[in-house]
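Peer 1: Each chain, written out:
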Amino acid sequence: MAERAMRYMRQKVEEQFKPMAQMLRAEMLPHGRLLAGAMDLVIAHYEETFQAMDERHRKLCWYEFCLTPELFLAMDIHPFLGEVHPAMMSLGSPEICWKYVDVAEENGMPPEVCVLDKFMLGALIEDEMPRADFIVTASGPCDSSRIGYQAFEQLTDCPVYRLDAPVDDSPEAHAYYAGEIRKLIAFLEEQTGQRLDVDRLREVCEESNRATEAVLELFELRRARPCPHPGAVIQYSYMVMLNSLGRPEFTGYVDFLRRDATEAVRAGRGAVADERYRVLWYYVPITFDLELHDWLERRFAAVVITDLLSSFFRQDPIDTTSLDTMLLSLARRGLEATMGRLRVRSSALTERFLRDYEDFGADCVIFPGPVGCKHVWGWVSLLREVCRDRGIPICVFDLDWMDSRIRPVESIRGAIEQFFETVMM
Amino acid sequence: MDNEYVREWKARGGRVVGYFCSHAPEELLWAADILPVRMRGTGSRETSRADQYLGPFNCSFVRHTLDRILSGELEWLDGVIITNSCDHVRRLFDIIASKKALAFCHYLDVPHLSNSDSRRRLVGELAQLKGRLERGFGRAIAEDDIVAAIRVYNAGRRLLQRASRLRSTDPPRATGSEVLAMAVAAASVPRDRFNALLERRLEELEGGVPERTGATAEPRLLLIGGMLDDPAYLEVIESLGGRIVGDQLCCGSKTFSTEADESIDPLEAIARRMLEHFPCPRMVSGYGIRLEGLASAIRESRADGVICQRLKFCDLWGGETEMLRRSFREEIRVPLLVLERDYLTSGGLGQLRTRAQAFLESLA
Ligand code: SF4
Ligand code: SF4
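These protein sequences, in sequence, are chains A and B.
Number 753 in my numbering belongs to position 163 of the first sequence; there are no gaps in the numbering.
Number 311 in my numbering belongs to position 304 of the second sequence; there are no gaps in the numbering.
This list has only true hints and no planted wrong ones.
Interface residues of chain B toward chain A, partial, derived using beta-carbon atoms under 10 Å:
no.: 1; residue: Y60
no.: 2; residue: N65
no.: 3; residue: H95
no.: 4; residue: R98
no.: 5; residue: L99
no.: 6; residue: D101
no.: 7; residue: I102
no.: 8; residue: S105
no.: 9; residue: H119
no.: 10; residue: R128
no.: 11; residue: V291
no.: 12; residue: S292
no.: 13; residue: Y294
no.: 14; residue: R333
no.: 15; residue: V345
Derived CB-CB ranges, DEER-like:
no.: 16; chain 1: B; residue 1: A365; chain 2: A; residue 2: R980; range: 51 to 57 Å
no.: 17; chain 1: A; residue 1: D759; chain 2: B; residue 2: R208; range: 44 to 50 Å
no.: 18; chain 1: B; residue 1: R142; chain 2: A; residue 2: E762; range: 15 to 21 Å
no.: 19; chain 1: A; residue 1: V1013; chain 2: B; residue 2: S353; range: 37 to 43 Å
no.: 20; chain 1: A; residue 1: Q905; chain 2: B; residue 2: E337; range: 40 to 46 Å
no.: 21; chain 1: B; residue 1: G21; chain 2: A; residue 2: R995; range: 53 to 59 Å
no.: 22; chain 1: B; residue 1: R165; chain 2: A; residue 2: D909; range: 47 to 53 Å
no.: 23; chain 1: A; residue 1: K689; chain 2: B; residue 2: K106; range: 41 to 47 Å
no.: 24; chain 1: A; residue 1: M618; chain 2: B; residue 2: K107; range: 55 to 61 Å
no.: 25; chain 1: B; residue 1: R142; chain 2: A; residue 2: E948; range: 34 to 40 Å
no.: 26; chain 1: B; residue 1: K106; chain 2: A; residue 2: L944; range: 17 to 23 Å
no.: 27; chain 1: B; residue 1: R165; chain 2: A; residue 2: K773; range: 32 to 38 Å
no.: 28; chain 1: A; residue 1: D906; chain 2: B; residue 2: Q135; range: 25 to 31 Å
No wet-lab data here; the hints were simulated from the structure.
A virtual CB, placed ideally from N, CA and C, is assigned to each residue, including glycine.
Put together the whole structure using the sequences plus the hints.
Peer 2: Right under this line is the structure:
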């Protein structure tokens, strides 16, 4: 049964997340004041997950990238984004990741598959994934997730609903995906025995829009020199957001960040005392090096102004005029604001990259490419060419963002150090 | 790819367009009087040009093929159509498009689910492609042309199905490597000519005295997996006494086991076949269907064992093998050998020999 899953997750929450939240609040960790709210949201997410599993009073939906939580929340379903779970569980403790990765590989999953899918597969085999009432998969963003969810289905006995996420990036593709979400509603209604209340969906979307507005403003404020907040703030907010958009608690947190950043900009206060470098962190966060941002700040006076995943969220708010407009907005949001965005053509990714580089006044790029993420490895050389042509300094290295055995902290920091010392100084 | 038939086609001013995956609308190209040829990396010796654009974690089929394109060796190609078969191929498209390596590049977004909505969407995509072909190559494609193309392709598929059955008769009248060679040839020879050639060859095979009478006693094998277009790989297994009685390979029976419906709208028929022909791991609702298809293929061909080969860094087939291992252990209960390989067979033949030999011994 799911008791095992609950035990290890509870342990993680009690023994790591809660003490960490306290330390953050007590400013015993760098930028604690700003990050404590994110940790509180992580804790609340897991406590709700436990409650849904214990009491089964609400359905628990394990869903995939290419979807955001608003629709689930509107139907009183507990949204559990599978892909964020490995990142949360591996935060500061890569050994959890090692365990599941090893189990997955021992069971025949090739090492080159994405760590997210290996983690979830290993945890499922060990019966340590949260017990979902149903799984909703969107056939994206990548080969790894497409095949991963088929493997998960083989190991679970709950219903699995599949959406077809188009690879295309056109208005027609968005409309098609909105149709896929519309069909999902029928499945959710069947699972919950409740009809979707469109007004309730509108309320959740409006809440989500309030958070969106705050996040967009936060991005605007991050353009200031010096950048008012450290990179960790935006990275953690993004991770939390994927499960929390549409919840008032999340809106409250990002609103607090917005107010704080506004004040910092007004006072000319930066995350780093003498900001020297503005780094565009193009791609994944590194879950086993919690002090990385702090190190960058102290060692090089470098602040991560934004990162690829967080920047995906620079999106229009949801149009709440009608059910149709909401579904279209949710479709676009699911495809464009999550890792689902990586499905698009390299030229579109590069265009977005240049927009970010320019908008945030970046001086350089750090590109940690996960070994399992094949489509990124077919893009990065084209990106490098663009950077070379435009004189943009870029530091590319491979790693596994959760499994520290592939490239340990020292090696990652070594690569960054060398970049700063040879290219930037 | 660049054989005498293609050269002849080109010499008389014909156009040739490459495609990458068995989810490709060959009939539409044929209807436009364009010769569709399946992209292959054979002949490639090194990959230094492709290495500049691909990371170390990309599949070697894509790497060799890209290298051939970038080297200019394939400049006789008038274009390429790429479906979103996998992440590696998607990025290959981006690289070719960005380098303007070929004059005509089209990207076809093939859905990952098969239902009436996804079919409708694919029909729309095909209509767009049709428009681009018409504009790009200056020739209108009439509905009748597509209907005729479907007929030619279906005839070829039926001939290949006939050839395929000759592998499993007792004694066999064709080897697994021969049938793969036929299917590979079908994808790079004008289909009407191919059909005539195959028809003749089948008459010989069906009418003559079977040569391999001793093969009746050999372990019967089913070969499955992703990209494999080199009959030499199968020859090694066959030379060790393994009898390949059937396959489910991207370049093998997946290209001919189903036909397009000749009684419905032709674009709809092409779309249906693309989505419903024996599903590959890219189709997200396909594992159950694939497993069922595999189980019945094992039954029908009376296979004693299954060999699943996959290219390193192919996530789709990587995940598939994980599932297959479990299904074979728990349900299918037929021995399964999983082999990982690089696209160019030559480098890995020693290892193949050792592993296949051990597997065959375990079946004896
Ligand atoms: S990191 Fe890359 S491979 Fe992994 S889930 Fe995201 S897009 Fe897929
Ligand atoms: S073998 Fe796999 S990775 Fe390579 S092109 Fe085919 S599907 Fe893609």
